[in-house]
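Participant: One letter stands for each residue in the lines below.
There are 2 protein chains.
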Amino acid sequence: MEDRLKKIIDSIRPVDLGLEPEIQAHLDDLTKPKGSLGRLEEIAKTYCLIRHDVKPALPKKAVLVFAADHGVTEEGVSAFPKEVTFQMVYNFLSGGAGINVLARHAGADVRVVDIGVDYDFPELEGLIRRKVMHGSRNMAKTTAMDRDKAVEAIMAGAELAKEAVSQGSTLLATGEMGIGNTTPASAITAVFCKMRPEDVTGRGTGINQDALGHKTAVIEQAIRLNSPDPSDPIGVLSKVGGLEIAGICGLVLGAASLGTPVVVDGFISTAGALVAHALQPIVRDYLFASHQSVEKGHRAQLSHMGLRPVLDLDLRLGEGTGAALAMGLIDAGLKIYLEMATFSGAKVSTGSEIL
Amino acid sequence: MEDRLKKIIDSIRPVDLGLEPEIQAHLDDLTKPKGSLGRLEEIAKTYCLIRHDVKPALPKKAVLVFAADHGVTEEGVSAFPKEVTFQMVYNFLSGGAGINVLARHAGADVRVVDIGVDYDFPELEGLIRRKVMHGSRNMAKTTAMDRDKAVEAIMAGAELAKEAVSQGSTLLATGEMGIGNTTPASAITAVFCKMRPEDVTGRGTGINQDALGHKTAVIEQAIRLNSPDPSDPIGVLSKVGGLEIAGICGLVLGAASLGTPVVVDGFISTAGALVAHALQPIVRDYLFASHQSVEKGHRAQLSHMGLRPVLDLDLRLGEGTGAALAMGLIDAGLKIYLEMATFSGAKVSTGSEIL
Chain G
1 MEDRLKKIID SIRPVDLGLE PEIQAHLDDL TKPKGSLGRL EEIAKTYCLI RHDVKPALPK
61 KAVLVFAADH GVTEEGVSAF PKEVTFQMVY NFLSGGAGIN VLARHAGADV RVVDIGVDYD
121 FPELEGLIRR KVMHGSRNMA KTTAMDRDKA VEAIMAGAEL AKEAVSQGST LLATGEMGIG
181 NTTPASAITA VFCKMRPEDV TGRGTGINQD ALGHKTAVIE QAIRLNSPDP SDPIGVLSKV
241 GGLEIAGICG LVLGAASLGT PVVVDGFIST AGALVAHALQ PIVRDYLFAS HQSVEKGHRA
301 QLSHMGLRPV LDLDLRLGEG TGAALAMGLI DAGLKIYLEM ATFSGAKVST GSEIL
Chain V
356 MEDRLKKIID SIRPVDLGLE PEIQAHLDDL TKPKGSLGRL EEIAKTYCLI RHDVKPALPK
416 KAVLVFAADH GVTEEGVSAF PKEVTFQMVY NFLSGGAGIN VLARHAGADV RVVDIGVDYD
476 FPELEGLIRR KVMHGSRNMA KTTAMDRDKA VEAIMAGAEL AKEAVSQGST LLATGEMGIG
536 NTTPASAITA VFCKMRPEDV TGRGTGINQD ALGHKTAVIE QAIRLNSPDP SDPIGVLSKV
596 GGLEIAGICG LVLGAASLGT PVVVDGFIST AGALVAHALQ PIVRDYLFAS HQSVEKGHRA
656 QLSHMGLRPV LDLDLRLGEG TGAALAMGLI DAGLKIYLEM ATFSGAKVST GSEIL
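For the protein sequence lines, the chains are G and V, in the order given. Residue 1 is where the first sequence starts when you use my numbering, and the numbers rise one by one after that. Residue 356 is where the second sequence starts when you use my numbering, and the numbers rise one by one after that.
Among the clues, some could well be false.
Unchecked claim - Here are some, though not all, of the chain G residues that point toward chain V, as calculated from beta-carbon distances under 8 Å:
1) K7
2) Y119
3) L317
To be verified - Derived coverage of chain V by chain G (criterion: at least 3 residues anywhere in the stretch with Cβ under 8 Å from a Cβ of chain G; other residues may be distant):
4) 431 to 441
5) 625 to 632
Said to hold, decoys possible - Straight line, CA to CA, 27 Å or less: simulated DSS-like cross-link-like pairs of lysine-lysine:
6) V/K651 - V/K389
7) G/K296 - G/K34
8) G/K55 - G/K335
9) G/K55 - G/K296
10) V/K517 - V/K410
11) V/K361 - V/K389
12) G/K45 - G/K162
13) G/K34 - V/K651
14) V/K651 - G/K45
15) G/K296 - G/K141
16) G/K296 - V/K517
17) G/K335 - V/K415
18) V/K415 - V/K400
19) V/K702 - G/K296
20) G/K60 - G/K141
21) V/K690 - V/K702
22) G/K60 - V/K690
23) V/K400 - V/K389
24) V/K702 - V/K400
25) V/K702 - V/K496
26) G/K335 - V/K690
Don't read these hints as lab results, they were simulated from the structure. Predicted model only: the values in this text are computed from it and were never measured. Just so you know, even glycine gets a beta-carbon here, dropped at the ideal spot from N, CA and C.
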């Protein structure tokens, strides 16, 4: 299966910038001072370039929410009990979670994926069943998962990206649910950004100062025990990762291989993107960073990949909530690009030579 | 007329915080870690408090775009010729401007007000005719307008707020169009924030370094000549203001007097809010700062009133574009508040004592 993954990785091509002058010329002909809509213009241009289309339709949007459990919760790293993961899956399916509300607001579909929840769901309408394991193992005591399981979870993400694209989606977003998952996300961030765990470990769902110290120690122990090597990204995932993080990594790789942009949510999602980026740095061309999370390691992740978030709203929920909000702004940027009048068309005078 | 204005100003009451515990309790019962949706939660709470309603309907939204001309353009302070003001009014009315696109995206009405354009429009569908003068005078040579004209423009803004509210609007936004209007906005900012013109003067629609130096000198001259006194805000408006800025000031006062929140757009709009704030500091309770503008004086304005913007997208277009985008996020916050499941309702376990 690692061969099939390698094929996907090798098929990813840099975004073709050939249409840039034409896209920029259109942006500059819109009835506004050049560049005065700032990042909205930048977003529209990026989307058009990725889609290789000077006049794309408005995006068809889907948020993929990967749910998984984490053996490391037995170390007491989270404020919430592990069963919240499966309970929240039910909440997603019934439409009552934050991501449901914000995806509806953005006009995006929500696809809920059980990629590693430690719970046996009955047949449920809307649940995508791609369970690779009943949760990862406790990385403070052993590897989080076998290497082939990490690859299987990545492939699941890539296949789900392909499925969404084949069903018409042109803009995907990452989301996740997994009690304890800021712990592997911090470990992954420490490894790839070459930082100390204490500098990339935050309060997750809201633990206190003592618990934060303990959580940091657990991450340090997991790294010491497993010796993850950043030059082997799949090894890092299998040693100190999580199944939803692997799924997100696969979603990013799969989408990039299909020329489809991905809006990356917060800290956990960006950890998945970080693994994808380590496997294939070109994926960066296809990513929109949605928001600046409160989690302190998030800044290091984004700066490692050279991404600038669109929003800064003190969010720390995950699920894809920040990505869904950013999708609304991507739509806004594209509507500017597609719907605004031009100077020539609207008979508005342009600026003088002191522009 | 100044008496009628004084009545409005005196009728503004601080927002009643009595419902805060009930609103916060509901936010904390939603299926997410407490406070994890950051500013979305804060926005929802602020809106509910202003509306004095623990279960408000989603906002009915309107953006009021005030257009006016500025005699000071004869000093060569803008990159665009003056006729762009009236041309853009036509563009607003035909739906092709940035504000039209972004207001449609947010589900907000756009109301276009001629409060002082130096052009005689024929009868036009959708144009609100409240012309106070055919543009302000050149503040580098004399006062921008007589005091009674400033009051008349403020009253027009207040009356339009009242009209919008009586027609069902529950969330208003400010917008403006007026070639040259960053010049009076910078002058107003310098006066109220007690800063040097060079520290609050930016490139507007995009002038070069030389032109920026000239623009700053013009503002310095206008202030020297007119000696605006920050303890007399109407005097400041009449000496170095603009008619659209006065209209926005009135909109803020009128909305606050009716318990209606106002989303303030960028630099010019915030100059209007600054005058309203000088007349009645309580208006601050009713304001949402939409975005951080590229114009350098904007930061000083916001910090003077203790407002924190929702967005930071390098915008510098005005028209109400940033406010319309922020309206989308206010809607998102309210949907979170109104539509998310609760812990009790969704049977999700709450956090432990280490929360």
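Participant: Run every hint past the structure and note whether it holds.
Facilitator: Cross-check of the supplied hints:
| no. | hint | verdict |
| --- | --- | --- |
| 1 | K7 | violated (38 Å) |
| 2 | Y119 | violated (13 Å) |
| 3 | L317 | holds (4 Å) |
| 4 | 431 to 441 | holds (count 6) |
| 5 | 625 to 632 | violated (count 0) |
| 6 | V/K651 - V/K389 | violated (35 Å) |
| 7 | G/K296 - G/K34 | violated (35 Å) |
| 8 | G/K55 - G/K335 | holds (11 Å) |
| 9 | G/K55 - G/K296 | violated (38 Å) |
| 10 | V/K517 - V/K410 | holds (23 Å) |
| 11 | V/K361 - V/K389 | violated (43 Å) |
| 12 | G/K45 - G/K162 | holds (24 Å) |
| 13 | G/K34 - V/K651 | holds (18 Å) |
| 14 | V/K651 - G/K45 | holds (26 Å) |
| 15 | G/K296 - G/K141 | holds (25 Å) |
| 16 | G/K296 - V/K517 | violated (45 Å) |
| 17 | G/K335 - V/K415 | holds (22 Å) |
| 18 | V/K415 - V/K400 | holds (17 Å) |
| 19 | V/K702 - G/K296 | violated (31 Å) |
| 20 | G/K60 - G/K141 | violated (43 Å) |
| 21 | V/K690 - V/K702 | holds (21 Å) |
| 22 | G/K60 - V/K690 | holds (22 Å) |
| 23 | V/K400 - V/K389 | holds (14 Å) |
| 24 | V/K702 - V/K400 | holds (24 Å) |
| 25 | V/K702 - V/K496 | violated (70 Å) |
| 26 | G/K335 - V/K690 | holds (23 Å) |
Comparing the model with each numbered hint stated earlier shows that hints 1, 2, 5, 6, 7, 9, 11, 16, 19, 20, 25 do not hold.
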